[in-house]
Each structure stands twice: as C-alpha cells, then as structure tokens.
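Peer 1: Go ahead and model the full structure; you've got the sequences and the hints to work with.
One letter stands for each residue in the lines below.
There are 2 protein chains.
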Amino acid sequence: MVEVENIGQYLTSKDIRPSMQRVKILEYLLKRRNHPTVDTIYNDLKDEILTLSKTTIYNTLKLFVENGVAIVINIEDNETRYDADTSLHGHFKCTKCDGVFDFTVNLNDLAFSGIEGFTVNEHHIYLKGMCRVCKSKELV
Amino acid sequence: MVEVENIGQYLTSKDIRPSMQRVKILEYLLKRRNHPTVDTIYNDLKDEILTLSKTTIYNTLKLFVENGVAIVINIEDNETRYDADTSLHGHFKCTKCDGVFDFTVNLNDLAFSGIEGFTVNEHHIYLKGMCRVCKSKELV
DNA sequence: GTATCTGCAAAACATTTGCAATTCT
DNA sequence: AGAATTGCAAATGTTTTGCAGATAC
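Protein chains in written order, with this note's numbering: chain A, -19 to 120; chain B, -19 to 120.
Not one of these hints is a red herring.
The list makes no distinction among identical chains, and a pair is therefore deemed to hold if it is satisfied within one copy or across any two copies.
Below, a list of computed lysine to aspartate or glutamate pairs in the EDC-like style, where the Cα atoms sit at most 16 Å apart:
#	residue 1	residue 2
1	Lys108	Glu96
2	Lys108	Glu59
3	Lys115	Glu96
4	Lys42	Asp57
In short, the hints are calculated from the structure, not lab data. Quantities reported herein were computed from a predicted structural model and do not represent experimental measurements.
Peer 2: Structure, rendered in structure tokens:
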C-alpha cells in the first residue's frame, strides 16, 4: 500500500501495534519515498523523536519486513535500504547522484529460462546507470 | 568469459597481473560456479594456498570487479557473493537450501517503464523461492 | 632496485544481542 | 501487574586500512 490514509489502522491490520516510533518511521517511508538506509532514517527523525535509537529502527524495519509492510532493497552491497511500497516494481540507482528511482516492471515482457519448475516468491530487479538529470548535467 | 582456457592470459588481457593467488581465485570461481562469498573462497582455498589471507581475497575480488572479470551478487543483505560470469543473466536463490542458480534473462524493451531517458549500465535480476530439488523433497 | 603484491593486525562500520528502564493495556 | 516496546551498551561479523615483509620485473 503506497497510499495510506490511516497509518495506525494499516499497522494494526498487519498485526503490528502502532507505537509512536513505528508510526513515525512508516510515515517517513511513505512520505519521503527515498528508499533510505537505517542511518538516513535515524538522522532525519532524531530531531523529531529525541530519544530515538538505531536499535528501534532496526527492530521496526525487521518487523515491517516480516509482516509485509516494507521490503529490503539490496541494490548496493554496503547499504541496506528499505521501501514501504511492497508491490512488484524495480529500482534504478544513479551511480552519479546516488538516487534510487522506482520503475514499473512488466513481468510478461521478461522471459526467464533455466529455472523451469522452480517456485518464485520474490522478484528483485535492480538497474544501475545514470538518471536523466545527471545526464543533462554531463552535457554542460 | 565463462569458458577460459588460459587464465593467466585472460587476466593479462584485463590488465591484471596473474599472480598465483589471483589465478587460483579466478580458477576457483570459473570451475565451481558456486557464487561464493569471501569466506567460502577462503575456506575452500586455504588448504591449497597455506598462506592465503582474506585480505588478499578482498583485494583480488575488488580488482576483478573493477576490471570486469567478476560481478558482485547482492541477493542477500548479509552476504556478498561473486560470479566470474559477467554476461547478462539472473540469479535465483533457493531459500530452503541456500543454493544460488543462474538463469537466462531475455530483456524486452517493454519490460521497464518509468525510467525513459536513463542510461542503464548494469542489470541485477534476483529471484527467490524454492528450487526443483527442494520442492520434490517437500512432497515426501 | 623499484614497483607491486601479500598478509598480519588494527580500525572502521553495520547489525545484533542482552538487558534494564519505560510504556502501554 | 503483566506484556510489549524502547534504547543503551556490549558483542558480533564483515570489510577496509596501514604497513612491513616478500615477490616480481
């Protein structure tokens, strides 16, 4: 669910008690859509939630992932990012500005061979390159 | 190149001096095709190369990736794996046996939308689920 | 003999764990 | 009160860095 009007209600429907920290973290993910790391979330929320600890962010994100509220993005090996959009979509990372962008994946246009008979539960599709904005800046 | 007859020559063509450690590590990757972590490589080669250190494996793999001899596989957030097959293909991880399998990906232009005008340099396509062997064992 | 490469030890990071204090119901 | 949650501090595990010795050209 990317459009969430009542975060507390949404968390409850996912069997997660809506504590203040959990609501704020999910709200952050849904509003920013910046595919943040734990560190990014911590730095952006620590002024709003003065007692916030990284442990709580780790605990919360783990809970979110287990209960289908968020997914893990492993587009880079030295940073684990999170996304509250759990629908099937791809992630593009611009190696120039380090931004991560969502894109639509049409599975019907992707043909996989060599894993016939396998059961697929998760799709992770990552692309890397240069985004349009960085490309236009290169031309200057 | 997955079929490499002369590893030393191949490394030289990639501007990498073929030291004994580098040749052995690449040979390992090409023969095993097991998408290993640094730790796996270390444990499998330490008896053959008694003085081998993990630092050398880290150094070597970094060099391989920079020079297009290997690619990084980030299918799991707690383990960085490597593959000496640098051609476009996908990786399937069985969450039951933890095996990683290669598969062929046929990319169609229509497959991705929302990143028009972006330049794509790398494709990372990861699937997770259960492999055929583990599925057959489940039925018992 | 000078560059490069290797590998030990220490440092740097990210993540997890143990546990006590706090907060909910 | 009792259960769940938070957050500090310590532990763990992986990767990087500094550097001295070994090796190659």
